[in-house]
Every structure is written in structure tokens, then in C-alpha cells.
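Taking the hints into account, I'd like the entire structure generated from these sequences.
Under UniProt numbering, residue 67 is the last one in the sequence shown; the count climbs by one each step, no gaps.
Don't read these hints as lab results, they were simulated from the structure. Any given hint could turn out to be false.
Claimed, not checked - Okay, derived cross-link-like pairs now, EDC-like style, lysine to aspartate or glutamate, Cα gap no bigger than 16 Å in a straight line: (1) Lys53 to Glu3; (2) Lys58 to Glu3; (3) Lys53 to Asp14; (4) Lys54 to Asp14; (5) Lys58 to Glu31; (6) Lys13 to Glu52; (7) Lys54 to Asp39; (8) Lys17 to Glu57; (9) Lys17 to Glu52; (10) Lys2 to Glu36; (11) Lys58 to Asp14; (12) Lys13 to Glu64; (13) Lys58 to Glu9; (14) Lys17 to Glu62; (15) Lys6 to Glu64.
What the hints assert, rightly or not - Distance windows between CB atoms, simulated: (16) His66 to Arg35: 32 to 38 Å; (17) Glu36 to Cys11: 32 to 38 Å; (18) Arg67 to Asp39: 33 to 39 Å.
Treat the numbers as computed from the prediction; the structure is a model and nothing was measured. Every residue gets a Cβ at the ideal spot worked out from N, C-alpha and C, and that includes glycine.
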Amino acid sequence: VKELYKAFEVCLKDNEKTVIGMRYGLFGGKEYTQREIADMLGISRSYVSRIEKKAVEKLRTEFERHR
1 VKELYKAFEV CLKDNEKTVI GMRYGLFGGK EYTQREIADM LGISRSYVSR
51 IEKKAVEKLR TEFERHR
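This is the structure in C-alpha cells:
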């Protein structure tokens, strides 16, 4: 879990951190749908989806590098 938070802080841009944090309820927060996040941030749901996909891929790559 510590590695996840380290990768989260090091690898992701601010908008990616925001979307991933909200989407998966990190740091004790509520989990939101892509539509809810889009509405809160004033962006499209498809843009939220693209941000999420890119961020998850960055985290996956970082974990695979350290295996």
C-alpha cells in the first residue's frame, strides 16, 4: 500500500491525482462515478475516462518496473 501512495505522488500529474483519488475513494474519501467527477470538475465524462485510463497505466508501469 505504501508503494501505491508513493507511485501516486511521484508519477501522476495533479489532475490525474484528483481523478484517481475521487474515483477510487483514496485517502478515506467517497468513491465517485466518472459522471459525478466530470460534473464536479466541469469537464466531460469521456475526458475523465481518458485521464483515469492514462493514470492507471502510469501506476501499472511504475509497479512493474519495481517488481
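Checked hints:
no., hint, verdict
1, Lys53 to Glu3, "19 Å, violated"
2, Lys58 to Glu3, "13 Å, holds"
3, Lys53 to Asp14, "15 Å, holds"
4, Lys54 to Asp14, "13 Å, holds"
5, Lys58 to Glu31, "20 Å, violated"
6, Lys13 to Glu52, "11 Å, holds"
7, Lys54 to Asp39, "20 Å, violated"
8, Lys17 to Glu57, "13 Å, holds"
9, Lys17 to Glu52, "9 Å, holds"
10, Lys2 to Glu36, "28 Å, violated"
11, Lys58 to Asp14, "13 Å, holds"
12, Lys13 to Glu64, "19 Å, violated"
13, Lys58 to Glu9, "12 Å, holds"
14, Lys17 to Glu62, "15 Å, holds"
15, Lys6 to Glu64, "14 Å, holds"
16, His66 to Arg35: 32 to 38 Å, "34 Å, holds"
17, Glu36 to Cys11: 32 to 38 Å, "24 Å, violated"
18, Arg67 to Asp39: 33 to 39 Å, "37 Å, holds"
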